[in-house]
Amino acid sequence: MTSLARLLCRGICALLTAVVLAVPATADTARPDALRITLDEARQAAANALMAGRAEDALILSQGVLLGAPEDKTALFIKARALRQLGNRDAAVETARMAWQTSETPRDRFYSAMMMAQMRSFAGQNGVAQLWLRRAVQLAPDDRLKEIAVEDFRHVRRITPWRFAMDLSLQPSDNLNNAPTEDTPVPGGVIKVTPPLSGLRYGAGVQMRYIKPLAPRVRLQFSGFAHGSAVRLSDEAKNVPGADAGDYSSAVLGGSVTLEGMAQDGGRLGRAQLSLRRQWQGGDPIADIARLDLGLDQRLSPTVGLGLRLGFEDVKRLDSPVGDAQRRDAGLSLTKRFAHGALTLDMGVGETFSAAYNVGRQDGSVGLSYAFAQPVAGVLPTLSFDYGVYNYDAPWIGAPNGPARQDRQRRIGVDLLLPEFDYYGFAPEVGVSFTDRKSNYNLYETRSTDMRFGLKSVF
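Under mature numbering (1 follows the signal peptide of the UniProt record, and there is no 0), residues -27 to -1, 1 to 432 are what the sequence shown spells out, in order.
Hints may be right or wrong, so weigh each one.
What the hints assert, rightly or not - Beta-carbon label-pair distances, calculated as ranges:
#1 P401 x R301: 34 to 42 Å
#2 V295 x E120: 51 to 59 Å
#3 M24 x L232: 40 to 48 Å
Stated by the list, open to error - Simulated crosslink set (BS3-like; lysine-lysine; CA at most 30 Å straight-line):
#4 K289 x K411
#5 K211 x K411
#6 K119 x K309
#7 K429 x K185
#8 K429 x K309
#9 K429 x K119
It should be emphasised that the hints constitute simulated quantities derived from the structure, not laboratory data.
Even glycine gets a Cβ: it sits at the ideal position worked out from N, Cα and C.
Can you build the whole structure from these sequences, using the hints too?
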């Protein structure tokens, strides 16, 4: 049979199907030898054809159903998938959109969103497909369907080379400028500095990444990022002489290249990252920073993981060359997972070389955190404690013959994620932290209580 003959045959089949579906079988129209088919039978025949790989037959049958019932969701879904198998991207997307636009019940809207995601992904629009899958998660009528949508989202994200992330934050604080809590006494009097300023720090950041696989377990990642924050002073802080919110604005713009490789059994991940960035403070460029990071994550057992890191950094100050610095640091982390959460111990040491009296130092830190695996009273808490030691090479410039500066800092934090209030896969997160810094020079002793409000993806 020629192509034209097959086309005419299919056209006749479609027409006959439409007539059977659209015209009721009455005593005047029915004939004893006529072949009649119900909508349910037509849908089943179309589905069987699609599952058997006969996409063209499935398309004809689904179109016949739609002539009799233009908003039939099953027929629209079968038609969209048949068009996808036949390579007709635009028509597949348009059919899925028609299913979405005519959906009314929560279940229909969920399945229509899933179909839109599949068709968008088929059309090469994986970023748009992820948005539709987030919508499907939001619309899922039960936990089982929600988990299916989440798994599909993760799959699409894995196969998408482009990644986009955005961060929004609000941070009320009683010490935005990290000011000392007391004046510094000197022979003949005291040095008065700007007192702690209260207010709100707000910021936003974006990151775009592109992942290029080099081998089955090796990939190269290119990243560009930008982040900025500004300050709004409280009414009390605005009355402090010399206090200007613009002085405390900050911004960073940069990029990085990361090489990652995973062991055959998936138990070890190594990476090397080179990053470049420029920082601004108060609207003026302040430093250019180049950094090299090396890392290794090793699974010691199914519930224990070890992380090692090594870093080298070069800082070129744009405001004063005296502040140029070179830094090297190393650290390790050990994580133990339990049924109810994960406990992490982190330790680090570092050394900074600089001619500036307030930059060159040796430092060490230890941190302990516990992240709950299941919500407690509707929230998912993470508790953390950090302690840092900072020994500077020189004394405070106001006491050149004094002892070298030594600081000790403690920080306690609680982060609360509210997964029950997630919207399109993003849940609000509230963080509270208390920081206390002690020094052998009063000028560097600070204390602050900070809050943070943000959004976090829950999958």
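Do the hints match the structure? See the list:
1. Checking the proposed 34 to 42 Å range against P401 and R301 shows it holds: the Cβ atoms sit about 38 Å from each other.
2. V295 and E120 have their C-beta atoms about 57 Å apart, which keeps the hinted 51 to 59 Å range intact.
3. Judged by the Cβ atoms, the range 40 to 48 Å given for M24 and L232 holds: they are separated by roughly 43 Å.
4. With a CA separation close to 28 Å, the supplied pair K289 and K411 stays within the 30 Å bound.
5. The straight-line distance between the Cα atoms of K211 and K411 is roughly 27 Å, inside the 30 Å bound, and the hint therefore holds.
6. With a C-alpha separation of about 29 Å, the suggested pairing of K119 with K309 holds against the 30 Å cut-off.
7. A distance of roughly 26 Å separates the Cα atoms of K429 and K185; the hinted pair therefore holds under the 30 Å criterion.
8. At most 30 Å may separate the alpha-carbon atoms for a hinted pair to count; K429 and K309 meet this at roughly 23 Å.
9. For the hint linking K429 to K119, the alpha-carbon distance of about 18 Å falls within 30 Å, and the restraint holds.
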